[in-house]
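Engineer: Sequence:
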Amino acid sequence: MQKERVRNGKRPITTWEEMRGIMRKRFLQFYYRRELHNHLQRLTQGSKSVDEYYKDEDFYYSN
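The letter at position 52 of the sequence shown is residue 52 when you use UniProt numbering, and the numbering goes up by one with no holes.
Calculated directly from the structure, the hints in this document are not laboratory data. You may find that some hints are simply not true.
For each label pair, taking beta carbons as the anchor points, the in silico distance ranges come out as [said to hold, decoys possible]:
(1) R33 to R11: 26 to 32 Å
(2) Y54 to P12: 43 to 49 Å
(3) T15 to E52: 43 to 49 Å
(4) R7 to L40: 36 to 42 Å
(5) R34 to N8: 22 to 28 Å
(6) Q29 to K55: 21 to 27 Å
(7) R11 to K48: 48 to 54 Å
None of the values given here were measured: they were computed from a predicted structure. Quick reminder that beta carbons are idealized off the backbone N, C-alpha and C, glycines included.
Using the sequences plus the hints, can you model the full thing?
Structural biologist: Below you can see the structure in the form of structure tokens.
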């Protein structure tokens with residue numbers, strides 16, 4: 001990752017906090033999208049009312 005940053009003209013990472021932020025930005029979005037896709041594939045309404053279902057899903061997507 002450091003070599004890639006240098007090639008792209010970016011300064012080297014100097015702290016663990018900076019590294020953690022960059023790693024989260026780079027990889028967490030993919031992980032979250034994959035989890036969201038999997039969640040959507042498993043959805044069923046079951047015995048919930050439309051309002052209950054909406055509230056549960058709204059909470060899931062807002063996190």
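Engineer: Can you list which hints this structure breaks, lowest number first?
Structural biologist: none
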